Amino acid sequence: MAKIFIDNQEYTVKDGQNLLQASLSLKLDLPYFCWHPAMGSVGACRQCAMTQYQDENDARGRMIVACMTPVTEGMRVSMQQPAEKVFREQNIAALMTHHPHDCPVCAEGGECHLQDMTVMTGHHERHYKGKKTTFVNQDLGPLVKHEMNRCITCYRCERFYKDYAGGTDLAAQASSNKVYFGRQSDGTLESEFAGNLVEVCPTGVFTDKPFGDHYSRKWDLQSAPSVCQHCSVGCNTSLSERYGSVRRVTNRFNDHLNGYFLCDRGRYGFSYVDNEARRLTITLDGQQSQWADTTLNVRLKNHNKWIGIGSSQASLEDNFALQQLVGSENFNPGLDAQQEKLLSTHLAILNQWQAASLAQMEQADAIVILAEDVNNSAPRIALSIRQALLNNAREQAEKYRVPGWQDAAVRALQPHNKVPLAILGYGENDLAKQATIHLVCDAKQAAEQGFLLANLLNDRATKPKVTKVAPQTLELLEILKTAKRPLIVTGWSANNPALLAAASNIRNALKAQNSGNKNAEDDAMLCIVPPEANTLGLGLLTQGGYLSIDSLNAENKNTEKTNLLVLDHSSATFAKRLDEWRLQSDNVIRLSQLGTPRTDEINLPVSSFSECSGSELNYQGLIQSHLPATKPSGQCLPSWQWLVNIARLRQHSLGEVDNLGQLRDLLSQDYPQLSVHFNEHHQTPLALQTPRVSGRTAMLANQTVHEPKPFSEIGAPYKQSMEGIQAGQSKEFPLAYSWSPGWNSNQSNHKFRDEYRGSELYPQDGVKCITAKHSDQWFKWQADWSKNSKAQWQILPLQKVFGSDNLSLHALPIAQLKVQAQIVMSPGDAEKFSFIAGQLIYCDDNPTPLQLTTSHSVPKSSVLVYVPADQLFEINQCDQLTAATSKQTSAYKEQILQQQAEQVTVKQHHRDRLLAQDQTIPIHFIEGVS
Amino acid sequence: MHKPLSQYLDLANPQNLQAYQSTGGYEGFTNALKMQPQEVQQQVSDAKLKGRGGAGFMTGMKWSFVPMGEDAPKNKYLVCNADEMEPGTFKDRWLMEGAPHLLIEGMMIAAYAIGADVAYIFLRGEYRLCATRLQQAIDEAQAAGLLGDNINGSQYSLKLHLHTSAGRYICGEETALINALEGKRANPRAKPPFPQVVGLFGRPTIVNNCETLCNLPGILKNGADWYTQISDGADTGSKIFGISGRVKNAGLWELPMGTSARHILELAGGMQDGLTLRGWLPGGASTDFLLAEHLDTPMEYDAIAKVGSRMGTGVIIALDDQHCPVGMILNLLQFFAQESCGWCTPCRDGLPWAVEILTRIEAGQGSQDDLDVLQQLCGFMWIGKTFCALAPGAVEPLRSGMKYFADDFQQHIDHKGCPHRH
Amino acid sequence: MSSVIPIQQVDLVGQPIVNYRDVLSGKEIAAIEHECSLYESRPAAAIDALQIVQSERRWISDESLYAIADMLGMSATELEGVATFYNLIYRHPVGEHVIHLCNSISCWLHDYQTITEHLSKTLNIEFGQTTKDGKITLLPNVCLGCCDKAPALMLDGELVENLDIKSIDSLLQGLRGGKNA
Ligand SMILES: Cc1cc2nc3c(=O)[nH]c(=O)nc-3n(C[C@H](O)[C@H](O)[C@H](O)COP(=O)(O)O)c2cc1C
Ligand code: SF4
Ligand code: FES
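So the sequence lines, in the order shown, correspond to chains Y, C and R. Counted from 1, the first sequence has number 817 at position 817 by UniProt numbering; the numbering is strictly sequential. Counted from 1, the second sequence has number 234 at position 234 by UniProt numbering; the numbering is strictly sequential. Counted from 1, the third sequence has number 171 at position 171 by UniProt numbering; the numbering is strictly sequential.
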């Protein structure tokens, strides 16, 4: 800690940080642009000028830029010196010589950091008499809109995109006052983190395109604290609504998970909630129906056995309600046999080891990734691992007495101070490009090497019978022996439980390695990536037993008919599985968000995450709850509510539950660790509107002077109003939005969070439902992990950010970026079979055309296959690869082009629909709609 | 007087390796090789050599920050700053065209002194003749075993490469130069870390001006004492001084440090007939104006600073009474605005603003408050406010010009036009 | 910053794929490889590579840009950022001959404007333009470092000093072109 004096007032701040960060942490108002808490300082914009004095007797002082000045014990500085106040105003005046006066039509208006800073410096009069520089904008694809004239050249976009996220297609161009930030030519931004530009840019150069199509000012939006549904990280988001429709997702700061950044699947994937495919009505055998319908009632009361099929796409509450209704022994988690093994292994490991948070992973000094393509399965984790790669350079910088937040210096040192990153696995991605150790192998081999590695680290770890130790493993061994904070990452995407076991053994071995030395802290970290937002929620519920898929299949062979009650599922693979069970069922009752209902089922429409409360367990087993931003559409109800209603029909005790609070009480009875979470987050009214919200209460004033009551979810004790706890008033409560007087943009975080309080990490808040009790349990190598395929080609699964998550594929902007099915071969194999990159290939008689790419990251006798989640592809080996005929190829191309064309129409249609829907609120606020 | 630099100079037909060696060339380097690197550093410190790139920083001191010894990073670099783009400055070109081996020997000495194993000449792209002659000299030295592995049978090895820039004034700033050598956009880097510790490709790097390096062979050949006795002023050694503008014989001369500007003007034969001197920039476009009354000031770093300017490159630009000071300042500022790298706000947006105002004033469309804004802009871009020294350099002729030629500014406004244009 | 990528799309999904060997000559490739060998990283040779290709082809087309980027293992966008930073890299076609006329201070004191006007009138082009016959491009240049022989220009890299109207005329005659009628 250091004692410093700002304008003669004494403060105690953490030393080592820069003066800007320290001042903001003290909640002082100092304007800035180029600095970013996650990206460090570069000193480009000069906005954060302060005066520094040598000592008490120095009356003049000299100007410094705060972001480049480390705080030191006893330092004396001023923010109020006239010279620097004038300078800060001049600096804004200089920026304004270019900046257009287009705030009224700018999508950033009202949440613009530049606006805020301009007001803060007091600049309000224009002295510049010349012309403004103007630029041509680029089409950057469906997610991000470009308006270069508004640029104030703070270099944040480039620094985020290129340096922080590793994108290569956005950079500064030209120079002097003509610096231009864009691509070489028009085209969709390639990085899956491009959407963050919207929040990183302090003004309106990069704005959210889909949001712009159905726009509202920030101050008119009502936001709910929400949790991303598109992978297992559970990034915290703010979900914003106006006139009953969800308009956008923005980042909601969480120091241990997403920090300041989301991936684009999370930012843009939400809009499936108003996709045409959303189910809005009850259907009975394909026909629209009503809850009171007698046939429906009779079917729901069927006395045969009920089997419940849960879903990792549904909330903990929904799955729990289903489990209660059908009984644990009849509750199947909706996974396949391999996934069930993965789940039980995963749970066993989490019972032994806590999973590292993203912020913790950013501290790693050695990283091992076992056959998990984190870049595509949990992109936000990959972004954190990318930051860890700078740690050695940062340490080296500190040795030179250069603080670690001096971003350019750290990056200059990185090439000679690499953090070791070992990838044992297949496929190419951003992390693989940075790997210092790379073993191209399939999941089984990766697991074997993992077991061997654990054994080499500690001989109590069991050894698989097989194989040689790869030289890469030996190299890795030496690294792990000295690493202080090693990180082991693996996951479900290669579909092999052996990987999880291997990772756990390495983790165990690392602990044992240190146990000899009492002083050595065991700071090794583990991260296992499950596939979906609530996969571990299923894990929690099935710990006490469940109906496995094998038993379900067996039961299905009995003659006795059953009833199936199926929670929300939307993947093509699940649909196929369900079709087999369907034959044997009296009734299939589906609770779904999306899809066309069949004529042989009852379909109850369920509220999506934007319309109701619910909780998920992320990859760490951390429980997080989301709140609704809008009321349920159509006849939708939350799944748990339908299940309660069914229970009432059948006089089941679940029917006694009146509201969500009671359901959560029941949950807490079974899982006492949850009660803390539910109490903390849901006992006090939470305001979802900013104090600035305008015109909301008068929205219907021309129809009725009686204001409608704000929507509130039954049993959910928070308010869709300005009343109650405001963002930041208490750390316990999630912030719904970020806003503070004078700070209208999302840069306002520091006003109500402690996140600038220095570099060391606070413990993670929240409740982890699966808690580790350290035990030295070693996994043994299992015989069935060694099964070898006899087919010519082993097919290894690949994932894509835009394609492997089915929900987001129903969001138009993501659908437009969807990657088509691909096959990856080694260049040697491709040549041997005379295939050329770009060609379409078929596996055996599977009808899915796969486009070929070649890569050196393909193990022997294997091909990598990626198929979008909405397409069926079930094989994992094949004997023959055949090239498509030219007729097939042109048909395929035709089909793709047609899809693209359709998307354009759908997009237009979608927009018209939303705008028309707004017209029921009689305010004609968007041009062109009468 | 000793002329450690120009004694080797032949512009029409520069000395080849043999000729250079036969007149004492490479003796300094041979002496250096017999010393420990730190001893070479000491000798240069003793000679009190100041960098000729503009700032006048002690060369020996600058070198002393380079990590030395066993633990030092393996690769270190020496870079010759031959980007000479300061308007009105042409001394480095003269040296490189006239005595290429002198520079190469100087670089070898410097590289040895800091333990660098690779050296680059960062040459501005327009200097085609320099490029040809330097490359020729490098090839000769290489063939003779003066460059490459185990030079003269010693343990020391050095590679020397010529890099021609693609043109940008900011590349002369040493950290921007490093970015340019890395093939990047030439934005300056923050200091610390200083390039001596984290420089080219993240390794310890020394950037020295071409003329600075050319002084080393003499020092190493004849010793520090010899060098310090060349001048009897505060600064040691000789300096390439020069003058351009409307003088009779513009040119360059090697003179002892501390020679007066009046002497330099006299060597040039004085102003052209019919013209009188109104002001002068002592060392390139980024120095403050001085007046005729300052002509007797010795050309020394401190002395020039005392009268309110900077020695800079030591090559004078003379303003005559027929040319408009406002026009001259506008021309200078246009240069700086165009050459701003675009990294920091005051420079990137402040300079074009100043140009906009000056353009209007020069065209007779200026107003009184334009002068106020201009004055404020001088403060806005002053030392300490910007990221590097480009913008403060640009402000120097502007602020001093507004002081010394205030009447001219006023006339432009009062008479709505330039009094020098009829 | 141009709006079209001139590279043929060989990929079904539309990623432009460039192989530098299809675009650059053996001579260019060899020269660039040599430059690469002088630095610690390949992208460090970016500026040298741009100059090498430009000396062969007069300017850097989009196609050259993509090829060089491919060869150096960097993105075209990043290389564009470099190319557009430096004054002597042309991202637009230039004429057979390029005149760089110094417009800095010593030449200003020697009334370079008169030379500019004369050049402009004779060639019928402004700074930054090329004569219609594609012969001559006229560009301004910062101080050429021959202030003692002002005004000066650089013609195709060669210095021409102590300019006056007469020497300009004979210079242009030597080029036999520059008709812009
Ligand atoms: C904008 C700017 C341009 C510069 N241009 C040059 C230059 O062309 N040549 C040069 O030697 N130094 C130039 N310098 C100074 C260098 O940054 C650096 O101080 C010098 O190369 C150090 O060499 P020395 O210690 O030998 O003087 C420039 C500085 C600035 C701020
Ligand atoms: S003062 Fe700023 S913008 Fe100007 S050249 Fe230096 S860093 Fe670049
Ligand atoms: S925030 Fe400090 S200079 Fe930009």
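One thing to keep in mind: the hints can contain errors.
[To be verified] Lysine-lysine pairs mimicking DSS-like chemistry, simulated, CA-CA at most 30 Å apart: (1) Lys184(C) <-> Lys27(Y); (2) Lys135(R) <-> Lys178(Y); (3) Lys860(Y) <-> Lys463(Y); (4) Lys191(C) <-> Lys129(Y); (5) Lys178(Y) <-> Lys34(C); (6) Lys14(Y) <-> Lys751(Y).
[Claimed, not checked] Pairwise CB distance ranges (calculated): (7) Arg58(R) <-> Gln900(Y): 38 to 46 Å; (8) Glu56(Y) <-> Met58(C): 31 to 39 Å; (9) Asn137(Y) <-> Ala55(C): 40 to 48 Å; (10) Asp71(C) <-> Leu477(Y): 24 to 32 Å; (11) Arg911(Y) <-> Ala55(C): 39 to 47 Å.
[Said to hold, decoys possible] Over 10 Å on every C-beta distance to chain R, these chain C residues come out as not near it, computed from the model: (12) His2; (13) Leu17; (14) Met35; (15) Met85; (16) Glu126; (17) Asp139; (18) Ser165; (19) Gln196; (20) Ser244; (21) Ala250; (22) Gly274; (23) His323; (24) Gln375; (25) Gln376.
Hints are computed from structural coordinates only; laboratory data are not their basis. Nothing here was measured: the structure is a model prediction, and the numbers come from that model. For each residue, glycine too, the CB sits at the ideal point set by N, CA and C.
Checked hints:
1. With a CA separation close to 38 Å, the supplied pair Lys184(C) and Lys27(Y) exceeds the 30 Å bound.
2. Simply put, Lys135(R) and Lys178(Y) have alpha-carbon atoms about 29 Å apart, close enough for the 30 Å limit, and the pair holds.
3. In summary, the hint linking Lys860(Y) to Lys463(Y) is supported, as the alpha carbons are separated by about 24 Å, within the 30 Å threshold.
4. For the proposed pair Lys191(C) and Lys129(Y), the alpha carbon gap of about 35 Å is over 30 Å, so the pair is violated.
5. Between Lys178(Y) and Lys34(C), the direct Cα distance comes to roughly 52 Å. Violation of the 30 Å bound is thereby established for this hinted pair.
6. For the hint linking Lys14(Y) to Lys751(Y), the alpha-carbon distance of about 17 Å falls within 30 Å, and the restraint holds.
7. With their beta carbons about 39 Å apart, Arg58(R) and Gln900(Y) fall inside the hinted range of 38 to 46 Å.
8. Range check, Glu56(Y) to Met58(C): Cβ separation about 33 Å, and the 31 to 39 Å hint holds.
9. Judged by the Cβ atoms, the range 40 to 48 Å given for Asn137(Y) and Ala55(C) holds: they are separated by roughly 42 Å.
10. Distance hint for Asp71(C) and Leu477(Y): a CB-CB separation of about 27 Å, consistent with the stated range 24 to 32 Å.
11. A hinted range of 39 to 47 Å for the beta carbons of Arg911(Y) and Ala55(C) is inconsistent with their spacing of about 60 Å.
12. Every CB of chain R is more than 10 Å from the CB of His2(C) (nearest about 24 Å), matching its label as outside the interface.
13. Listed as outside the interface, Leu17(C) is consistent with that label: its C-beta sits roughly 22 Å from the nearest C-beta of chain R, beyond the 10 Å cut-off.
14. Separation of Met35(C) from chain R is adequate, the least Cβ-Cβ distance of about 29 Å exceeding the 10 Å criterion.
15. Here Met85(C) does not stay apart from chain R, with its beta-carbon only about 6 Å from theirs, under the 10 Å limit.
16. Under the 10 Å C-beta cut-off, the non-interface status given to Glu126(C) relative to chain R is violated; the minimum distance is some 6 Å.
17. Every CB of chain R is more than 10 Å from the CB of Asp139(C) (nearest about 14 Å), matching its label as outside the interface.
18. Its beta-carbon lying about 7 Å from the closest one in chain R, Ser165(C) breaks the requirement of being farther than 10 Å from that chain.
19. Annotated as non-interface, Gln196(C) keeps its C-beta farther than 10 Å from every C-beta of chain R; the closest such distance is 18 Å.
20. Against the 10 Å criterion, Ser244(C) falls within the reach of chain R, whose nearest CB is about 4 Å from its own CB.
21. For Ala250(C), the shortest C-beta to C-beta distance to chain R comes to about 4 Å, within the 10 Å cut-off, and the non-interface label is violated.
22. Gly274(C), annotated as away from the interface, keeps every beta carbon of chain R farther than 10 Å; the closest lies near 15 Å.
23. Listed as a non-interface residue, His323(C) fails to keep its Cβ farther than 10 Å from every Cβ of chain R; the least gap is roughly 6 Å.
24. The beta carbon of Gln375(C) sits about 22 Å from the closest Cβ of chain R, which is more than 10 Å, so the claim that it is off the interface holds.
25. With a cut of 10 Å on Cβ distances, Gln376(C) stays outside the contact zone with chain R, its closest approach being about 25 Å.
Of the hints listed earlier, those the structure fails to meet are numbers 1, 4, 5, 11, 15, 16, 18, 20, 21 and 23, in rising order.
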